[in-house]
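Student: What follows is the residue order along each chain.
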Amino acid sequence: MIAAFLRHSLFLIAATVVGLLITVLGASADERECPVPERFYEFEPLVTKTVKAFAGRREVVIAVLGGASTMGVAAGGLEFAWPARLASALAERFPSKRIKVINLAVGRQTAKRAVERLEHDVLPLKPTLVIWETGTMEAVRGTDVDEFRQTMQTGIDKLRAAGADVLLMNMQFSRASDAVIHFEPYLAAMRQLADINDVPLFRRHAIMRHWAESGALDLRAGEGEKGRELAASLYDCIGRAMADLATRGIPAAKRANPAGGDR
Amino acid sequence: MERDLRLDFFRGVALFCIFLDHLPNNILAEFTFQSVMFADAAEVFILISGYTAGMVYGRAMERQGFVAAGIRVYHRLWQLYVAHIFLFMIFLGMVAYTQGALNKSLYAEEFGATNFLSEPGLAVVQALMLQFQPAFMDILPLYIVLLAVLPLVLAGFRSWPGVVSLVSFALWLTVQLDNRVALAAYPGPDRVWYLNPFAWQALFLLGAWFGWRNIHGGVSWLGHRWLFWLAAALSLAGFLIRVNWTLHGFYDPIPVLVNAKLLWPFLSKTDLGFLRLVNVLAVALLVASLIRIQARFLASPAAWPFLICGRNSLYIFCLGILLSVLGHLVLNEFFGGVAMQLAVSVAGVVIMIAVAALLEWFVAAQGTPGGGAVGAPTATKGVRG
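Protein sequences, first through last, are from chains A and B.
With the numbering used here as the guide, the letters of the first sequence map in order to residues 1 to 263.
With the numbering used here as the guide, the letters of the second sequence map in order to residues 1 to 385.
By construction, these hints were calculated from the structure, which means they are not laboratory data.
Among the hints, erroneous ones may be present.
[Stated by the list, open to error] No more than 30 Å apart at the CA atoms, straight line, and that leaves these computed lysine-lysine pairs for DSS-like:
| hint | chain 1 | residue 1 | chain 2 | residue 2 |
| --- | --- | --- | --- | --- |
| 1 | A | K49 | A | K112 |
| 2 | A | K126 | A | K100 |
| 3 | A | K158 | A | K52 |
| 4 | A | K52 | A | K97 |
| 5 | A | K49 | B | K261 |
| 6 | B | K261 | A | K52 |
| 7 | A | K158 | A | K226 |
| 8 | A | K97 | A | K158 |
| 9 | A | K100 | A | K49 |
| 10 | B | K261 | A | K126 |
| 11 | A | K126 | A | K52 |
| 12 | A | K112 | B | K261 |
| 13 | A | K49 | A | K226 |
| 14 | B | K261 | A | K158 |
| 15 | A | K126 | A | K97 |
[Claimed, not checked] To spell it out: a stretch of chain B is covered by chain A in this simulated footprint if at least three of its residues, at any positions, have a beta carbon under 8 Å from a beta carbon of chain A; those stretches are:
| hint | stretch |
| --- | --- |
| 16 | 127 to 140 |
| 17 | 322 to 335 |
Note that CB positions come from ideal geometry on N, CA and C, so glycine has one too.
Chain A extracted, bound-state conformation (with noise of 0.2 Å):
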């Protein structure tokens, strides 16, 4: 029994070393940018005040909440920041529009801290849309998952009862940090919330890996300013991806630019 078991098994390695490499020499798309396939959008629920908000006359706010790759840190500065890019790929395709984005990110901050400033930094600004990336400090600390989810559950709450739409945004992906950080329950918690809250969730742990994949963006490009170039075309793919995302449900006639940026 256990001869025959072994040659099956040699027989299944080989098989995978061949599939492997298969794989291997298969990957090497040639895509210039950076798309996000529907699939990653599909099922997303819209932002339906602020679908309505850019049809009507007033001014579209969006407060963005967020950590360091929010802020922007490793491209520079807030103007290379995903929201930087995410306002200007609006200001295209709504060119009549007056759009503000605000962001309000800071570095290494937890959902619990984001939630006690909602009172006094975010609802006064009277947002249309708030944007709320987060998970990251919580993977990080090893916070208790419960907890985590427990705080997201009121920040949201608080931000729908004062008549904002809210949209979340999960961890950025890391080839080396998956194996040494245990991101995956506070991801499934991120969903969960997402899909029962019914807000849209920006997926970007998931997207991000898909461009490593396709070979859109290679997240290993090192220090100094081949880094800094990395960062800096990331956070535009993002912003132009999250500016698909917001924008869900808005009729084609009403963009200046029907395709959609990147599309």
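Once you've looked at the hints, dock chain B against the given chain A.
Tutor: Okay, now just chain B, sitting in the frame of chain A:
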């Protein structure tokens, strides 16, 4: 007494599930325990381990006395501790390997807070004290702590079973009411043990109690008709709700039957929430009633890989953790979609089976007396708890 092959079989299944669940974005993780019941492989593993430990060491206590049985438990505990330190070394290797990548500008600010090795001396000491439990290193510390109290618990079963059960249940209930009842973990300040021992002891001790009672003729009320139907109803309800969520996760337009938000307070994994505990017990009772102790399929070649892995659970568990760490590297380095996930999953499972087969062959070739009998008084066979 014949070895209960069902224990080996389902522990083997749990070991495969733990490996598959730990691979990133793995399609096969949608087909493990966690997709069809509230509990997951961790509960199954701890329950079966408790049952086996209660049976094996309970019998040892009857035959050899408290001290000898205690030494056997602590011998096992020592093996687990060494395994824990071994996994920690692998983790350190991973950190060393990934450190450069984590310090790349894109992630430095966010992941810099990890600082796993900013105080290397402290991290090592904390790992030795089981307080440092990085990714995947959470089950073994729990198991070690549970084994540490097992001799006292077994002695308690003999003299005051009611008191032991009451204390165990009260402790679990306290955690449910106030989740600040937890063990602090390193690095602080908010971090706690991912699997709260004050809650999880309830499952382990319950398993141990059934295992211990089993050597004294079993628990008669477990055979009641109404209990069977209750377990069947609970398992079915859990199955329907959980499968509905799984399918909804696959394809969003499938409507959710029970809003998960209502059940969240009872589904905590860290604190072994009410539904997880009840669900795993119900399923265990159902399976134990439906599958006879020496069911024919357990002797079939198809069951053999599960049996040998379950029988060598400590080694295969550690190997599974090691393989899932390697699997992470492969899947995040080469990606390759579903085909690659399947390839890595199959390769990992095959390696686990192959190593278990080697261990079996080795033990057989050594000609250990009393092979196969649970509690045989030899170091190699006997200490498998």
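Student: Sort out whether A:K126 lies within 30 Å of B:K261, counting only the CA atoms.
Tutor: At roughly 28 Å apart (the allowed maximum being 30 Å), A:K126 and B:K261 satisfy the hint.
Student: Starting from A:K97, check that the Cα of A:K158 is at most 30 Å away, please.
Tutor: 28 Å, holds
Student: Is A:K158 within 30 Å of A:K52, Cα to Cα?
Tutor: Holds, because 21 Å separates the two Cα atoms, which is no more than 30 Å.
Student: A:K126 and A:K100: Cα distance at most 30 Å?
Tutor: 11 Å, holds
Student: Within the stretch 322 to 335 of chain B, is the number of residues with a Cβ closer than 8 Å to a Cβ of chain A three or more?
Tutor: Holds: 8 residues of the stretch 322 to 335 of chain B have a Cβ under 8 Å from chain A.
Student: Decide if the proposed pair is consistent with the structure: A:K112 and B:K261, CA atoms, cutoff 30 Å inclusive.
Tutor: Answer holds: A:K112 to B:K261 is near 19 Å, not above 30 Å.
Student: Please verify whether A:K49 and A:K112 have alpha carbons no more than 30 Å apart.
Tutor: Given pair A:K49, A:K112 holds - Cα atoms ~26 Å apart, limit 30 Å.
Student: Would you mind confirming whether the straight-line C-alpha gap from A:K126 to A:K97 stays at or under 30 Å?
Tutor: Holds. A:K126 to A:K97 sits at ~17 Å (cutoff 30 Å).
Student: Verify the proposed pairing of A:K49 with A:K226, using a straight-line Cα cut of 30 Å.
Tutor: 40 Å, violated
Student: With the threshold set at 30 Å, check whether the alpha-carbon distance from B:K261 to A:K52 stays at or below it.
Tutor: 29 Å, holds
Student: Would the pair B:K261 and A:K158 pass a check requiring their Cα atoms to be no farther apart than 30 Å?
Tutor: Between B:K261 and A:K158 the Cα gap is close to 17 Å, so the pair holds against 30 Å.
Student: Mind taking a look at whether chain A covers the stretch 127 to 140 of chain B? Criterion is 3 or more residues with CB to CB distance under 8 Å.
Tutor: holds (count 3)
Against the hints set out earlier in the document, violations occur for numbers 7 and 13.
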